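For the protein sequence lines, the chains are A and B, in the order given.
For the first sequence, counting from 1, position 287 maps to 287 in the working numbering; every step adds exactly one.
For the second sequence, counting from 1, position 105 maps to 105 in the working numbering; every step adds exactly one.
None of these hints come from the bench; they were simulated from the model.
Remember, it's a predicted structure, so these values are computed and weren't measured experimentally.
Note that beta-carbon positions come from the ideal geometry of N, C-alpha and C, so glycine has one too.
Keep in mind that a hint or two might mislead.
[What the hints assert, rightly or not] No more than 30 Å apart at the CA atoms, straight line, and that leaves these computed lysine-lysine pairs for DSSO-like:
#1 A:LYS157 / B:LYS197
#2 B:LYS159 / B:LYS118
#3 B:LYS15 / B:LYS86
#4 B:LYS159 / A:LYS54
#5 A:LYS46 / B:LYS180
[Stated by the list, open to error] What follows is a list of derived Cβ distance ranges for each label pair:
#6 A:LEU62 / B:GLU143: 25 to 33 Å
#7 A:THR113 / B:LYS70: 47 to 55 Å
#8 A:LEU62 / B:MET145: 22 to 30 Å
#9 B:GLU160 / A:PRO43: 46 to 54 Å
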Amino acid sequence: MDKSKDVQTMTDTVARFIKYFGKVLPDDVQSKLQELSEAETSPMAKLTYETMFKNQELARELDRPSCQDTGVIQFFARVGTKFPLIDELSGIFEKAVLSATEMAPLRHNSVQTFDEYNTGTNVGYRTPSIDFEIVPNSDELDVDIYMAGGGCTLPGKAMVLMPGAGYEGVTKFVLDQMTSYGLNACPPLLVGVGVATSVETAAMLSKKALMRKIGSRNPNPKAAMMEEELERGINAIGLGPQGFSGENSVMGVHIENAARHPSTIGVAVNTGCWSHRRGNIIFHSDLSYTITSHKEAVL
Amino acid sequence: MKKILTTPVSDEDLKDIHAGDVIYLNGHIVTCRDVAHRRLIEYGRELPVDVRGGAIFHAGPIVRKVDEDKYEMVSVGPTTSMRMEKFEKDFIEQTGVKIIVGKGGMGEDTVEGCVKHKAIHCVFPAGNAVLAATEVEEIERAEWMDLGMPETLWLCRIKEFGPLVVSIDTHGENLFEKNKVIFNKKKDEQYEQIIEKVKFIK
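Between the sequences and the hints, there should be enough to build the whole structure, so can you do that?
Here it is, written out as structure tokens:
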């Protein structure tokens with residue numbers, strides 16, 4: 001069977017979707033920013049939100065990426081074992097990035113490490129980064145695609161605490177990142193926290209936490225309570241938009257967790273900036289698709 | 001009324017500007033970030049653009065080639081200024097730059113440089129890259145293109161470029177450091193409240 005036409009169709013769709021969510025924020029982010037802007041009282045915070053909304057309008061109108069830092073594209077895919085293009089997926093994602101880089105256009109953000117040169121294509125050794133979860137007996141692909149700029153990548157941190165530090169230690173770890181690096185990472189932030197065993201398990205969960213819809217809660221009631229507490233606490237610090245100070249600091253705090261080794265608590269923080277450019281698209285087996293993150297999206 | 005400065009600016013122009021003020025800029029600004037700072041300070045290479053009395057922008061834009069040697073600014077917003085902290089004091093001294101535009105605050109060394117050589121650091125509200133691009137009238141020159149699109153020095157002619165929030169002034173005031181003291185105090189209070197509720201290990 002000749003799959004090349006299907007591969008081309010899907011590559012085009014993914015590329016056009018990357019271009020689209022590089023200029024239009026997802027619905028949940030848009031409504032949260034609106035809500036946060038209405039709570040501000042200081043002229044500086046108001047001016048900042050006005051500037052942000054004006055920028056988003058201009059991005060749509062002029063058909064350009066709303067922020068110049070279009071990140072290193074990341075894919076978090078949940079792929080059904082019966083999805084017809086499962087064997088071709090990595091290649092499709094890579095080609096979609098190449099195509100979006102020209103079409104959007106995206107900034108060139110892939111610098112080959114050690115050889116230290118920019119590939120100029122956004123494709124480099126092990127980038128774009130692609131994470132697969134296998135879904136048995138499904139014929140669909142459900143993928144979150146994300147572009148994180150350097151600014152909101154910088155506060156990322158992971159470490160392994162001793163159990164004696166407890167969730168009190170997790171709290172301190174998260175709060176300290178907010179006032180040191182967080183205020184430079186374009187607040188209001190979306191904060192992802194991973195709680196697990198080791199640095200890499202916690203770190204991956206902290207990034208996946210940023211893929212969750214704003215306002216969603218961890219299914220564990222204690223974790224959900226801690227999300228609410230951290231959200232309330234970080235907001236009370238009052239970083240405000242751009243760290244100029246204001247009534248709030250974050251769009252939300254999401255915790256993702258896994259069981260841990262009895263001797264360790266792995267913890268990690270990842271932040272998303274106000275310009276949280278992520279998209280979710282579900283491909284069905286006939287390659288028709290549903291975009292869940294942007295209701296009005298037309299590709 | 002909008003406070004608009006035009007490059008080249010003098011010590012006198014900056015005298016009455018204070019941290020927390022909002023200003024706009026006419027004239028020229030050149031993008032200049034990590035590697036350009038490193039080349040000048042660590043490797044002693046002369047900056048190919050004269051910024052005496054002028055402005056630099058900690059930014060790595062998206063540009064589009066429209067013609068041979070002609071580029072259009074698509075999206076340009078500030079990048080984290082703190083990455084340049086290591087170099088900025090020496091950079092100010094060696095280049096005579098007057099206005100540094102970026103994102104977030106800068107540290108003590110930059111404050112020292114700003115006071116001594118009468119320069120200011122400003123923040124362009126970040127993530128607003130299309131707005132900033134529409135305030136660039138033309139890219140007049142590009143230097144050090146071997147560094148790739150984000151790191152190239154793009155010399156831009158600008159019109160009412162802003163809003164620029166002054167974060168460090170020539171008198172040594174530092175908006176972000178002042179805020180940080182308040183933020184840290186509030187953080188400590190919140191920490192004490194939250195830990196009472198998360199004692200899950202019993």
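### Query
Looking at the structure, which of the earlier hints fail to hold?
Numbers 7 and 9 - these are the hints that the structure violates, sorted from lowest upward.
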